[in-house]
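Novice: Sequence:
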Amino acid sequence: MQDLTISLIQADLFWEDPDRNLSKFDRILGNIDPNSDLVVLPEMFNTGFTMNVQKCAETEKGKSIIWLRNKAKELNCVISGSLLIEEKNKFYNRLFWMRPDGSFEFYNKRHLFRMSNEHLTMTGGKEIKIVGLKGWKINLQVCYDLRFPVWSKNALTDGIHAYDILLYVANWPEIRKQAYEKLLHARAIENQAYVVWVNRVGKDGNNIVHSGDSSVIDPYGNVLKKALPMKEEILTAKLSWEVLSDFRKKFQVGLDWDDFRIE
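Counting from 1 along the sequence shown, just add 1296 to a position and that's the residue number in my numbering.
FYI, nobody ran anything at the bench for these hints, they're computed from the structure. Please note that a few of the clues may not be correct.
[Said to hold, decoys possible] DEER-style ranges, computed between Cβ atoms:
id, residue 1, residue 2, range
1, Arg-1323, Arg-1557, 44 to 52 angstroms
2, Met-1297, Trp-1447, 33 to 41 angstroms
3, Trp-1537, Lys-1422, 29 to 37 angstroms
4, Ser-1319, Ala-1458, 25 to 33 angstroms
5, Glu-1423, Gln-1474, 26 to 34 angstroms
6, Lys-1384, Arg-1557, 35 to 43 angstroms
7, Phe-1547, Gln-1474, 40 to 48 angstroms
8, Gln-1548, Lys-1478, 30 to 38 angstroms
Glycine is no exception: its CB is placed at the ideal position from the N, C-alpha and C atoms.
Full structure from sequences and hints, please.
Specialist: Here it is, written out as structure tokens:
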């Protein structure tokens, strides 16, 4: 199995201004590692975490999806990030997985952040989404999902793990950073998987401050890479399949995981 090179884009976002955000990411992505297999953008990377759906929601034929498709082709890698999407008169916080050939998959955020009335504005997802890249299996998650370990629980079936990487995109405020800094490590340890966290920085349109702290946690729960807080940064990391595989073979906790079904 090949190692995987990922580039995390920790950036400030222009509030409810897709054109400026897309132009900004055009500039940023001009500086990524050309060997990147995957580029990850923050949650609602084109608008910030807004509930103003009438102004900001796009369809899957909108300019932000077109931009994602064009950038994935240009960079010849997968690009992932969430957008506010309207579909059949419902609104979703939808995390896209855009491939260089223009095909894509998506995950609708399951746990909607009620403290910002996201649960009154959007429709929550019902399905776990695990995608593949160069033999790796990646579980797509969004921000508040991090607080719900059952939703991200790994599984072992006939010696095969359900996924190898937990990928979170976020607009998680600095005031609650102590929560995500602990939970990210827990998710890696309990699931014997890498955890990738991409969070925004800066102050949003509601005057909420975000410190970012984008990071990659290894299966042991150690920080492999971490961005500087409050700074825009491209964070590039190489994930080792050998490290993951050896750890799982030496410490086979997966054989004792509980079987369960999410309804």
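Novice: Each of the hints needs a verdict: does it hold here or not?
Specialist: Now the hints, each set against the structure:
no., hint, in the structure
1, Arg-1323 <-> Arg-1557: 44 to 52 angstroms, "holds (46 angstroms)"
2, Met-1297 <-> Trp-1447: 33 to 41 angstroms, "violated (26 angstroms)"
3, Trp-1537 <-> Lys-1422: 29 to 37 angstroms, "holds (31 angstroms)"
4, Ser-1319 <-> Ala-1458: 25 to 33 angstroms, "violated (38 angstroms)"
5, Glu-1423 <-> Gln-1474: 26 to 34 angstroms, "holds (31 angstroms)"
6, Lys-1384 <-> Arg-1557: 35 to 43 angstroms, "violated (28 angstroms)"
7, Phe-1547 <-> Gln-1474: 40 to 48 angstroms, "violated (28 angstroms)"
8, Gln-1548 <-> Lys-1478: 30 to 38 angstroms, "violated (25 angstroms)"
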